[in-house]
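K.L.:
One letter stands for each residue in the lines below.
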Amino acid sequence: MKYLLYPGCSMERFSRPYKDSLLAICQHIGLELEEVDDWNCCGATEYIAVSLLPAYSLIARNLALAQQQASSGPDYHRAGDGRNSRGGAYTLIAPCSACYLNLSKTDHYMGESPILNEKVNQALAAGGLHYTPGTVEIRHLLDIIVNEIGLEAVRKAVVRPLTGLRVAPYYGCMTPRPDYKKRWSNPEYPTELDRLLKALGAEVVDFPLKTHCCGGHMTQISPPVAYELIRRLVHAAAQYGADLLATICPMCQLNLDVYQGEMNRYFDTTYRMPILFFTQLMGVAYGLELKALGLGQELVDARPALAKIGVEMPAAEAAPARRPRKKEGLPMPRMPGEEEMSHD
Amino acid sequence: MDTATVETQPPRVRGEGERPPLPPLPPPPVVDLGFLKEVVEATAGVSRLEMCIQCGTCGGSCPSAADMDHTPRQLFAMVRAGLRDEVLRSNTPWFCVSCYHCVVRCPQGVHITDIMYTLKSMAIRAGYYKDATAPDFAKTFVYYVENYGRSFELGLATRFYLRHHPLRVPGIAPLGLDMLVKGRIDLTPRRIKHMDQLKAILARAAELEAAQ
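Protein sequence lines, in the order shown, are assigned to chains G and E.
831 is the number of the first residue of the first sequence in the numbering used here; add one for each residue after it.
634 is the number of the first residue of the second sequence in the numbering used here; add one for each residue after it.
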């Protein structure tokens, strides 16, 4: 039985380790995936801000393609499989929070508003496509692994338990909220990832900021706002003694990992909190080769954290460490607000 | 005993006979709900914006409220009051990080995030914004999606940074190089196979939206 997969643009490149590690762990937990053919971008949080109907039509094209592809074959996973296998919606897995939300939202609003449904389908007709709301059920990868595959199967495949590794589980915003179909244990304090990491043997931090914002697109629009949000998360994880932070979203990983250095420079702090995808940790627990899991591609080095539990990465495999920036460098121009913030 | 004494006393009326009768009340102000209606209709699904009770839970839950011109609650009061220009010029919708904290906490179930998206698109159409950074980021993102079907980080970052944060380029360039070395950035955009199909869909959608 196959699941349809909508990987999303981030997974193709800047969060390639997420996709690599997902494909690497699939066979260990009996998850069969097939990509939606010729999928397009979901528009993230940007397209919808420019124009509404084109944004919903852009997203609906993916749903229409998924519907078309799933109905052409007999062995795609459908909702309620195992209990009643006839006529349920086809399951579509989205591992990125923004894609997951955009796809769910479009399906939900097309079902709720007949006018939107009609207009989006008129637009789709220009490309020879049609989508009936409710025929595709959009679910996040974590939800599928915890609730369909089951934690028992996750536990069984473990050969190198993460015993002694303190992990802060981080969900971000758009997966547990707004949760149209009430799939998550709680919109503000879900526990799915906590339970999954426990099944891998890790010591899970009861992380109070687990669904707080990573800054989203603010790193581009107003960096000081984003840096403060990133600082809160990294600071809290460090205070709780976490060795690393596990995330389920490419955007969260990008903001917390890639902009951590910028944030440190802005606040004059020295946080070094590695940010890994939960699938990478699953791969580590399954004893897979670290390079195949995309480890070493993160900018904040995760090797010291993994070395703590005896997982070593050969030096040749790992990318060279970044040269630290000199503190007493040439004076650089600073914005007025920046000056105050960085020295308080 | 006490109650009996209270009952025997005549009721006291303060200032009775001293003040002239009040003039008639002015007619209630006419509030134009046209803008509220416009926002509600432009939002996909059921926005429930009319149901806002001005409790302020949204602003209290918002991670970027401190940097906003108006909290979401204030903004919704302004929408109801018909302050079209002030609403569309406010930075509030652009500082919304789409975290949906307010949406799950709102006692009235108002679809706050979607209303912010509506206000952003209305502001872009009206050309009303103090700072073009956020709208330009959205537009540059859309440019790559409309031409390739996929987002393209390198192109997006280069165009956006050169235009809006040229002084940040030297600072951000090593970071981009790091990403490149680690194989996390594409040098060229990826194009989907049926770009013509996507373009036809988007063109039709734009026509339908313009006809509204």
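Don't read these hints as lab results, they were simulated from the structure.
The beta-carbon is built from N, C-alpha and C at its ideal position, and this holds for glycine as well.
Any given hint might turn out to be false.
To be verified - Straight-line C-alpha distance at most 27 angstroms; calculated DSS-like pairs for lysine-lysine:
hint, chain 1, residue 1, chain 2, residue 2
1, G, Lys1012, G, Lys832
2, G, Lys1121, G, Lys986
3, G, Lys1138, E, Lys815
4, G, Lys1121, G, Lys1028
5, G, Lys1138, G, Lys1028
6, G, Lys832, G, Lys1011
7, E, Lys815, G, Lys1121
8, E, Lys763, E, Lys826
9, G, Lys832, E, Lys826
Claimed, not checked - Facing chain G, from chain E, some residues (calculated, C-beta under 10 angstroms):
hint, residue
10, Pro654
11, Thr751
12, Arg783
13, Arg823
14, Leu835
K.L.:
Now tell me if each hint is right for this structure.
P.N.:
Now the hints, each set against the structure:
1. G/Lys1012 / G/Lys832: holds (24 angstroms)
2. G/Lys1121 / G/Lys986: It holds: about 23 angstroms lies between the C-alpha atoms, which stays within 27 angstroms.
3. G/Lys1138 / E/Lys815: Holds, at about 24 angstroms.
4. G/Lys1121 / G/Lys1028: Holds. G/Lys1121 to G/Lys1028 sits at ~24 angstroms (cutoff 27 angstroms).
5. G/Lys1138 / G/Lys1028: holds (17 angstroms)
6. G/Lys832 / G/Lys1011: holds (22 angstroms)
7. E/Lys815 / G/Lys1121: Given that 27 angstroms is the threshold and the Cα spacing comes to 12 angstroms, the pair holds.
8. E/Lys763 / E/Lys826: Judged against 27 angstroms, a Cα distance of about 39 angstroms means the pair is violated.
9. G/Lys832 / E/Lys826: This hinted pair holds, its Cα atoms lying about 23 angstroms apart.
10. Pro654: This interface hint is violated because 54 angstroms lies over the 10 angstroms limit.
11. Thr751: holds (7 angstroms)
12. Arg783: Holds - the Cβ of E/Arg783 comes within 10 angstroms of chain G, reaching about 5 angstroms at its closest.
13. Arg823: Holds: closest Cβ of chain G sits about 7 angstroms from E/Arg823, inside 10 angstroms.
14. Leu835: holds (5 angstroms)
Violation of the numbered hints given earlier is confined to hints 8, 10; the remaining hints are satisfied by the structure.
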